[in-house]
Structure formats: structure tokens, C-alpha cells
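K.L.:
So you can see what is in the structure, the chains are spelled out below.
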Amino acid sequence: MKEIVVISGKGGTGKTSITASFAYLGADNIVVADCDVDAADLHMLLEPDFAKSEDFYSGEIADINQDLCIKCGECANVCRFNAIPIIDGQFVVNQLNCEGCGYCARICPVNAITNLDNNVGKWFISTTKLNSIMVHARLGIGAENSGKLVAKVKNEAKRIALETKKDFVLVDGSPGIGCPVVSSLSGASFVVIVTEATVSGLHDMKRVYELVKKFNLKAGCIINKYDLNLDVSTEIKSFLKAENIIHIANLPYDESFTRAMVEGKTIVETKKDKNNNLKSIIIDSWNKIKEETN
Amino acid sequence: MKIAIASGKGGTGKTTLSVNLAVFLSETYKTNNIVLIDLDVEEPNSGLFLNGKLISSESKYRMIPKWNPEKCTLCGNCQKVCNFHAVLKLGKKIAVFNELCHGCYACSELCPTGSLPMVKEKMGELKQFEVGNINFIESRLDIGQEQAVPLISQTIDFVENQFDDDSIFIYDSPPGTSCPVIEATKDADIVILITEPTPFGLHDLKLAIETMDELKQEYAVVINRANIGDDSVEKYCKERNIQIIAKIPNDRKIAEIYSKGELIYKQIPEMKEELKKIGKYIFEMKNGEKR
Ligand code: SF4
Ligand code: SF4
Chain V
1 MKEIVVISGK GGTGKTSITA SFAYLGADNI VVADCDVDAA DLHMLLEPDF AKSEDFYSGE
61 IADINQDLCI KCGECANVCR FNAIPIIDGQ FVVNQLNCEG CGYCARICPV NAITNLDNNV
121 GKWFISTTKL NSIMVHARLG IGAENSGKLV AKVKNEAKRI ALETKKDFVL VDGSPGIGCP
181 VVSSLSGASF VVIVTEATVS GLHDMKRVYE LVKKFNLKAG CIINKYDLNL DVSTEIKSFL
241 KAENIIHIAN LPYDESFTRA MVEGKTIVET KKDKNNNLKS IIIDSWNKIK EETN
Chain U
1 MKIAIASGKG GTGKTTLSVN LAVFLSETYK TNNIVLIDLD VEEPNSGLFL NGKLISSESK
61 YRMIPKWNPE KCTLCGNCQK VCNFHAVLKL GKKIAVFNEL CHGCYACSEL CPTGSLPMVK
121 EKMGELKQFE VGNINFIESR LDIGQEQAVP LISQTIDFVE NQFDDDSIFI YDSPPGTSCP
181 VIEATKDADI VILITEPTPF GLHDLKLAIE TMDELKQEYA VVINRANIGD DSVEKYCKER
241 NIQIIAKIPN DRKIAEIYSK GELIYKQIPE MKEELKKIGK YIFEMKNGEK R
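So the protein lines, in turn, are chains V and U. According to the working numbering, the stretch in the first sequence is residues 1 to 294, in order. According to the working numbering, the stretch in the second sequence is residues 1 to 291, in order.
Chain V with its partners taken away, still in its complex shape (with noise of 0.2 Å):
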């Protein structure tokens, strides 16, 4: 079992719309993990059902009982994280502040802080309109620990697939540099670095490549709009070259892809796309990263 994850760095540049025509091409040999929680959207090219849904809980959130509170203002004193204002005189959490360290429950001299399990979200195990299961999420609002929901899609996902006797596990990868991220490449046997001919696609791609570096991890690149800005699209192959990074493909500038997308189809399974030729693009790439995971 192989595990292909698609990162991009910047938002914007395909990366789901491509990630959602590879899941259509591998079909029901594949288990895809949407890992980007924060801003999931594959969901809406591939129709999974929701079969199978629970909570996740991660970490833990500070509650003051205001009963037993002498209000001595110790909590407040140690907490570093400014989560515990005083309103209407009473010492209350902010919850979008509370790190959930536990500081406060540990030193409060009449134990009325108690820690709640926090819940940040909810996870899915679906069947998609291709008939291949799918792992996903939705992340609550301001929730933090991102990247352990990220690490529970992957992680089931993965199971599923051994269980299954899958080939491949088709990761949407999370978006920047940070902890989400770091847990989407973990484990990873080839990653996709989707990125455009503009000059903060290539920044962004950059940045990202010195993580999937650290990671000693094996890379191709796709080129998106690379007829954009052509000097930017060479600039970004002497980089691939210099960094041994594998050239998988250009895709040209196409609004067909966000005409399908308001379709609610991938570019491999509309009828926007003029030739054919978006398409037959992706079904290569889809078949030199296979290769590349041999």
C-alpha cells in the first residue's frame, strides 16, 4: 500500500480539483483522506455519504466553577495565554484562548477549575459516488490541534486500506508550513507538490519543499496555469531540476476547471473541457505517479 499526498503550499492552485480527478482515475483501488480539515472541499467533487460519523476530542479546556471560586485570581495570574478575564467580576475561560495546559486546575487552592475533554470536530467515514471509501473531517470553529484530526483521517485511512487490500491511500494535503501540514507528509511514499507560474506559487512552493526536505521525502511537481507567466514556469523547472524534484506535468490556464467544479465534477469527467485536453494531462500524471511509487 502506497501513500500519495498532494500539497500545494498556497491555496488556490488546484490542488483539490486535481487531487479529486486522481481519486476519480484510481476509483475504488484507492482510500482518500481529505486532510486539509480547515477548508475541506473535496467532498463536494466526490459525494461521499457520511455514513459513519464521530466526534473527536483532543485535548482539554479549563471550566472555573464559580461556586467554590474564593476568586484569589491565581488562575489568572499564571495563565500565559490570557484566557482567563474577569467579566462582571466573576474569573471566567475564554475558550478561544484556553490552550488547555491544565496550569490553572493545578494550582487553584480550592480545586474549582476542572479540565472538560475538548471537541474539535468530527470525522467521517463515507462511501463516494466512486465507490471508494473515503476518510474526512470538519474541524469546529476555532478549533486548534488541526493537525491531530489530520493524524486521525491519515491514520484511518490507512487502516481501511490495509484492511481492504488497497494500493494506495490519496491524501488532500493541508494547506502552509505549519503542524497540519507536517502531519499530512508524515509517512508519505510520494508527494505532489501542486503549484502555479506565479511568482507566490513559486515562493510558497519553496517554502513548503524545505519541510517535504526535512521529511526526506520523495516529490513531483505539477505545474498549474503554467502558460500564465512562462519565465516564472522555467524558473519553477530549474528549481525542480536543482532540487531533483520529478517534473510530472504543465496544465495550461483552463477556466474549464472551475466550470466543472460549478458542476460538481472533476475535469477528468466533464464535458467542459475542450479536446479532451485537460484530461488526458491528468490521466498521464495519474499514471507517472504510480510509476513513481514502484
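Taking lysine-lysine and the DSBU-like style, the derived pairs with C-alpha atoms no more than 35 Å apart in a straight line are:
no. : chain 1 : residue 1 : chain 2 : residue 2
1   : V       : Lys-265   : U       : Lys-253
2   : U       : Lys-260   : U       : Lys-122
3   : U       : Lys-260   : V       : Lys-206
4   : V       : Lys-213   : U       : Lys-127
5   : V       : Lys-274   : U       : Lys-235
6   : U       : Lys-122   : U       : Lys-53
7   : V       : Lys-272   : V       : Lys-129
8   : V       : Lys-290   : V       : Lys-265
Covered stretches of chain U, going by a simulated chain V footprint (3 or more residues, C-beta under 8 Å):
no. : segment
9   : 36-48
10  : 95-104
11  : 142-156
12  : 175-184
13  : 203-217
14  : 226-240
15  : 252-262
Counterexamples of contact, computed for chain U against chain V with all Cβ distances above 10 Å:
no. : residue
16  : Asn-51
17  : Leu-74
18  : Pro-112
19  : Lys-127
20  : Glu-160
21  : Gln-162
22  : Phe-163
23  : Asp-165
24  : Lys-247
25  : Gly-288
Just so you know, the hints here were simulated from the structure itself, not pulled from any lab data. We treat Cβ as the ideally placed atom computed from N, Cα and C, and that holds for glycine.
Since the structure of chain V is provided, determine the placement of chain U with the ligands on it from the hints.
P.N.:
Chain U with the ligands only, in chain V's frame:
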């Protein structure tokens, strides 16, 4: 006046809007001090569009415990009090896992022998630039640092100390709906949510709106790449009585200008018209003509 530019999903044009708006306002409303702050510390991009003069640069630190074996009795209390499993007693050693540490000070202050003093660890770099008459601040998280929030909050503190309250602050916020975006938007006077008129755009706009409602923030919407998709975003905003203050046209030329790192409104008159609308909206808010 603090304006946060945010979006649920990445890549909808936050940075484009932030940068173009900042320069446009500085040219149009000359008496106001404009401060642009890139708070997308994981992937800061605003600077790519601005040719600024570097004024200052400073490292930003967070605090983490460091074990000092001299007086340690190996009582193991530190391991017990760390809720994040960032301190472990391994044989005759105390190990700190920096990337797991949230800097709560519990292990350090509750150590009976004072053997875990808090020390500085570098997490990123804050740079201040001058671009024409704009002050531009960029913070950049070091690769390998996993937590964006402490750097975002230190950057906001820096900006608030450095500049006059009467300035116009434009925060280019990180994407998403989790901690980093909350940190970047919670103190703003108004949040401008930028989205695309597509199913992805609408879905992520709804999440962003839920987040802003939770924060009890005021917000308005700007539609980017108007006409590329369907009218579901407009319908949704109308139903919910959410104001759409501008619509940036969909145009390959705009994408090309963006790809080069240039300012769009200088070459596309329609963009300037839309920025005028946003400027007017902001100043009406600032002068208290609108709520
Ligand atoms: S709490 Fe202090 S004395 Fe006890 S093991 Fe930890 S460092 Fe050593
Ligand atoms: S400062 Fe807090 S989070 Fe960091 S190691 Fe100590 S107890 Fe754990």
C-alpha cells in the same frame, strides 16, 4: 481602524486585495497613515508585490523550558504537569520536545528545584519596510516551527505599539477557520471576507461567516473573479443580508499581472473602480457613518 482581509479557503485573492487596497488608499487618502501587515506567517506573500525599503528586522522568540541537571532530583513532577507530553523523564535525563511545547510555564514554575528555566527559542523574523508612504510589516515563521499563533500575536502587539491608533491597519490574514485566523481577526474593527462565486468559494465563505459570527465580528464580502462561476454566493449574501462591497472581475489579464507580482489596479481600470468602493466603505465606517 483595523481591517482584516480574510477568507475560508486559500487562494481566493486575500493578498491581491490587501496589497492593492493598501497602495490605493495611500495614494487616494494621503493624510492617513497606512500600515499593511502580512499575518499569513506560514506563507507570507504580500512582500512579493511591494518593492519596499527595509527599515528594521528582528527575530521573534517564544519561551520553552530547558533542563538544567545540576539540582534536579528526578522527581518527575515536570512530566506529570505537562499536558502536551512535551517533557519526559528518560532514565536519568529530562528531555524537552520543543515542537510539542505550548510555553505554558507549568513545568518550569512547578519544578521544586528550579531546574527547568524558560529560555528563548527563535520562531521567526519580523521585518518592517517602507513602501512609498505605506508602512509594511511582514512576519515569517521559521521552517520547522509548527505554531503560527504566537508569532501572529507578537506581530499584532508590535504593530499596535509602533503606530498611531489613528492609522489604517490592513491585516492580510492566514487562510482557514482555525486558531491562526482567529488570532489575526479577533481584534479587527471590520473583516472583509473575499471569496469566489463557485461551490468551493461558497462553502468556505459559509465557514468563514460562522467563524466571524462566533467572534461577534462585523464583516462584509468582496467577490473575486466575479462571473467565473454561478450566482450562489450573491444569493446567499442577499438572503442573509450580508453586504457585498465590491466585485473584482474575472480576467486572464489580472491573473497574468498577479503572476508577475505587479499591482493590478494600475493596469486594470475596473479594479480601481472596485477599490474606490472599498475605500469609500472603509472611510464611512471610520467616520462612524455606518454600523
Ligand atoms: S520537576 Fe524539576 S526536579 Fe523534578 S524531575 Fe522535573 S526538572 Fe527535575
Ligand atoms: S512549558 Fe508547559 S507545554 Fe511547555 S514543556 Fe512545560 S509544561 Fe509542557
